[in-house]
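A.B. asks: Got chain A; can you put chain B on it based on the hints?
Protein chains: 2
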Amino acid sequence: MNAPTTSAQFQPRAISPEFLQALAERFGAQCSTAPAVREQHGRDEGSIDAPPPVAVVFALSTQDVADCIKLAAQHNVPVIPYGAGTSLEGHLLAVQGGVSIDVSRMNQVLRVNAEDMTVTVQPGILRKALNDAIKDQGLFFPIDPGADASIGGMTATRASGTNAVRYGTMRENVLALEVVTASGEVIRTGNRAKKSAAGYDLTRLLIGSEGTLGIFTEITLRLYPLPEAVSAAVCSFPTIADAVHTVIQTIQMGVPIARVELVDAGTIAMVNQHSHLTLREEATLMMEFHGSPNGVKEQAELVQDIAGEFSAQGFEWADTPEERTRLFTARHNAYFAAIQSRPGCRSITTDTCVPISRLADCLLESMEEADASGIPYFLVGHVGDGNFHFGYLIDPENAEEREKAEAMNHRLVRRAIAMEGTCTGEHGIGIHKQGFLVEECGEGAMAMMRAIKQALDPQNILNPGKIFTL
Amino acid sequence: MNAPTTSAQFQPRAISPEFLQALAERFGAQCSTAPAVREQHGRDEGSIDAPPPVAVVFALSTQDVADCIKLAAQHNVPVIPYGAGTSLEGHLLAVQGGVSIDVSRMNQVLRVNAEDMTVTVQPGILRKALNDAIKDQGLFFPIDPGADASIGGMTATRASGTNAVRYGTMRENVLALEVVTASGEVIRTGNRAKKSAAGYDLTRLLIGSEGTLGIFTEITLRLYPLPEAVSAAVCSFPTIADAVHTVIQTIQMGVPIARVELVDAGTIAMVNQHSHLTLREEATLMMEFHGSPNGVKEQAELVQDIAGEFSAQGFEWADTPEERTRLFTARHNAYFAAIQSRPGCRSITTDTCVPISRLADCLLESMEEADASGIPYFLVGHVGDGNFHFGYLIDPENAEEREKAEAMNHRLVRRAIAMEGTCTGEHGIGIHKQGFLVEECGEGAMAMMRAIKQALDPQNILNPGKIFTL
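Protein chains in written order, with our numbering: chain A, 1 to 470; chain B, 1 to 470.
Here chain A stands alone, though its shape is the one from the complex (with noise of 0.2 Å):
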């Protein structure tokens, strides 16, 4: 049984002055060694803190990447690829020491092709930007993980959110990269047809890789029409498990709901107290449809009939953005809510994900353990495709309740492995769950990725120490 892995990693390699010199003779003021920013490029918003890099270079250009890969290639130095800074598990941290390359300012639409629906960015452009400069062609990117992340860094950890369960995850969506390998060179993969069978997917090794294998300097996506209706509908549950059988066989029918968002009694009741409210305390769903108008009124009906099926009360649906931003107000507010709900406190955020059969077990069982912890915790779920994220409300400083909310999400992980799921639904391992990966996949599986890393990092300069240690 291996524990999640933390401080024990963190071993700063020897960098030399040498390196600092070329770097600075490179880069000029587009690299810093001040420690504000050294400081804030050293952390994500996970729970683990790490020294900070030891210099941070502001890449404007696939060139500046490449240049700043191999100088670090020639001085054995780790570079740490940094977007938004908005990941959960520890992947900005500089673990092994070396230079963050932020991508921060290579955030250009590169080129929109509306016939095609498809657009190429800039790994640092962040997705509520990448939407804003796409409406105006009647096109968005789905992938919506709460945080207004960078492309890069979702590319980089196969991330999904709440509207995964129609438009599926950065897996689906990513059609080609341009990729910084570990010795500089600039490659590319994939291409912009729609399905292709030639040679191995390295685009699909390459999302979710964390930064370990690569460095994205452009990105293809997929993009969508923008809905010709959107409607949305909330109701509420006397159990869980109501909901989530509601959730089955809706997807069952063959419904093509567009988001369907659980929020647990309690995280409401976090939530009413934060916004004086006065939603009912159950647990709710939130869902929206896309369609045409004709369709999404089906859907939603459709969706109220298995409902009410399942005891639910207090249906309502909106059909304008304002009415349908009003419904969604729980499920937005929960994690501000629940975190104001203990000043202070820190979260130490859960990511399973199960097939979607055994939800209501698992979530029922956790609940139960979560409950009994004495640890206030708030529960949120992309539940159409199975995936929760309990967020357990711990004093940061309060060893005791760390360890014991660790434990918590380490059995957490054991149960959704047993019912066939994963430790992370889109989150990613980062330094947080190499343990958890282990026990996940097996020592064959493992086996290969190591193989894989150290046939293209022979030097293990790329993200070092993420996903798993060498």
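Any given hint could turn out to be false.
It does not matter which identical chain is meant; a pair holds if it fits inside one copy or across any two.
[Stated by the list, open to error] When the alpha-carbon atoms are kept at most 20 Å apart in a straight line, the in silico EDC-like pairs for lysine to aspartate or glutamate are as follows:
(1) K70 <-> E443
(2) K404 <-> E369
(3) K297 <-> E228
(4) K135 <-> E281
To be clear, the hints were calculated from the coordinates, so they are not data collected in a lab.
C.D. replies: Just chain B now, with coordinates in the frame of chain A:
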């Protein structure tokens, strides 16, 4: 510029009598060296021939596959997985000698999880048998490459076919694999969760790896609910461009069309001749819609309106299975009608796929060239994906004709690549398209593929000489 790779690769390795003896001892009657059995396993439905494998092992279990690979590794002997023998690019040819591992008797449905809409099968099951086995549960597996291929082969070639436009390809629909690696070890990749961000996406790396990284022994697939209603429609257009623009607009409007196939005027004429029909000899679209009864009606009407704007004629639609089959006659019979239009001919079948905005241009230029060549051809396309197949109907005894057709294929591939497309949408690389792959991917991506192959199969015993040579 690399020519398609052919006989240059036929370099059988020396195989020791000790190996054959060990094989016979382990596998007894499950191992055959009969010439007819070897011949049958040494070819596929493509246009290239090679000497047969030295033996065929009929595997009945994962252990059989593992033991066969272990013996092969000990003796440095190539192994080539064999399912239904329907591949088109020489995937099954024993170009470096070795043993064919026939998994066709590993053809069981191991587990259906109806609530999760997943199924786990052995690799030898044929797609029609799979669909027969699950239809009583209201489920189906949508990937339809035409041939009644094995699920293992479809996974190995990243197959797709007529309804990928709605349901995706094998890339999107394989969730998990059990795989025997080059050392004979059994590993598992993926799980039954709908999504995962856990480590490198080994499942996607193995899908489309054409037997060169491992041999599949179990495959877990996504299923879909049998649509409540299905309707089909056909119509014809004065020009190919009109047909393509109808499809572009249909997709841009977000119509979830399930199939949209193009058959060109000349191919319709072949079908009329072959089946004594009187179909309008024009570029023809054949479409299928899946959904609720109202939904499919709405979709069909919308597409009829769009087609009308592009001068469509003879719009017919049908919702009974018999009528739908009748409407698709021309598509189903195209290949046979074409082959029989020139007795004794063999088809050199192209497989390019381009962004849909370039599809009309690519088709028109390629048709002009094919018309000028004097070689008869058929043309069908999975036009919603930008994927299409010319079949150049050559006299196999006529070397000049073969060369002319190969050169035409090569120019078509270059055209597709220049249009940001791929040399193969769904058939794979095999031995036939290796030169094309280099042109498409560039040396950088090829080096990455080779490094992965060398890391995972250092002896190069897994289907060597396919996709690339080392």
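A.B. asks: To test your reading of the hints: which numbers does this structure violate?
C.D. replies: 4
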